[in-house]
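Place chain B on chain A using the hints.
Chains as they are written, first to last, in this note's numbering: chain A, 1 to 114; chain B, 1 to 115.
Note that these hints are calculated values from the structure, not bench results. It is possible that part of the hints are untrue.
[As the list claims (entries may be wrong)] One side of the interface only, derived from the structure: several residues of chain A facing chain B at Cβ under 7 Å:
| # | residue |
| --- | --- |
| 1 | 17 |
| 2 | 19 |
| 3 | 40 |
| 4 | 43 |
| 5 | 90 |
| 6 | 101 |
| 7 | 104 |
| 8 | 105 |
| 9 | 107 |
Cβ atoms here follow ideal geometry from the backbone N, Cα and C, with glycine treated the same way.
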Amino acid sequence: AQSVTQPDIHITVSEGASLELRCNYSYGATPYLFWYVQSPGQGLQLLLKYFSGDTLVQGIKGFEAEFKRSQSSFNLRKPSVHWSDAAEYFCAVGSRTGGFKTIFGAGTRLFVKA
Amino acid sequence: GAGVSQTPSNKVTEKGKYVELRCDPISGHTALYWYRQSLGQGPEFLIYFQGTGAADDSGLPNDRFFAVRPEGSVSTLKIQRTERGDSAVYLCASSRDRGSHYEQYFGPGTRLTVT
Numbered sequence: 001a002q003s004v005t006q007p008d009i010h011i012t013v014s015e016g017a018s019l020e021l022r023c024n025y026s027y028g029a030t031p032y033l034f035w036y037v038q039s040p041g042q043g044l045q046l047l048l049k050y051f052s053g054d055t056l057v058q059g060i061k062g063f064e065a066e067f068k069r070s071q072s073s074f075n076l077r078k079p080s081v082h083w084s085d086a087a088e089y090f091c092a093v094g095s096r097t098g099g100f101k102t103i104f105g106a107g108t109r110l111f112v113k114a
Numbered sequence: 001g002a003g004v005s006q007t008p009s010n011k012v013t014e015k016g017k018y019v020e021l022r023c024d025p026i027s028g029h030t031a032l033y034w035y036r037q038s039l040g041q042g043p044e045f046l047i048y049f050q051g052t053g054a055a056d057d058s059g060l061p062n063d064r065f066f067a068v069r070p071e072g073s074v075s076t077l078k079i080q081r082t083e084r085g086d087s088a089v090y091l092c093a094s095s096r097d098r099g100s101h102y103e104q105y106f107g108p109g110t111r112l113t114v115t
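Bound-form chain A, shown alone:
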């Protein structure tokens, strides 16, 4: 069965520091992979997605993620965090074979300190 693991429940980084949020997935083949961000009172917003091709994916707000098949990982990175990046981040996997279900991880809450 498909599953997504985000090992870190919460992370605190200083403003201006780099960020990496971890995501591991379990799936029989290469899935569709996504990162979403959820700010308080806001809907989920898609940051980036990987379907195929280049394994380094660029997204909005300066985020990027790298698909590593050998590690079943899709970690999210940002070189310099801004205070406005404080939010909940969700990694998600979608099936390539029929259906469309998207399975979300439990999320990582990012705190940014001045």
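The following block gives chain B in isolation, referenced to the frame of chain A:
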């Protein structure tokens, strides 16, 4: 342009009562999805509509949950005989069409509290 809207934003109800949650998708989006997000968890798929029909309702937890989309736009999620375990944020999302179902746009959610 308007995004996905959901009403009410908050709903408090007593155990055993019936509730309806409404979703207005982005105009022209033919695909609509409902998710449930419990505290500390990621969203969990409930049901997917393509047009007026439910293309996949395998995520509905039991027969107390039902959703409709009679005219292919607004959708209503209906929960009968609510239980305390139904307390969660219910999210709605829409996408332009079946082929772009992964380009989902989410609403702000309805927070349901069952007392």
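Worksheet item: Looking at the structure, which of the earlier hints fail to hold?
Response: The structure conflicts with hints 1, 2, 3, although it agrees with all the remaining ones.
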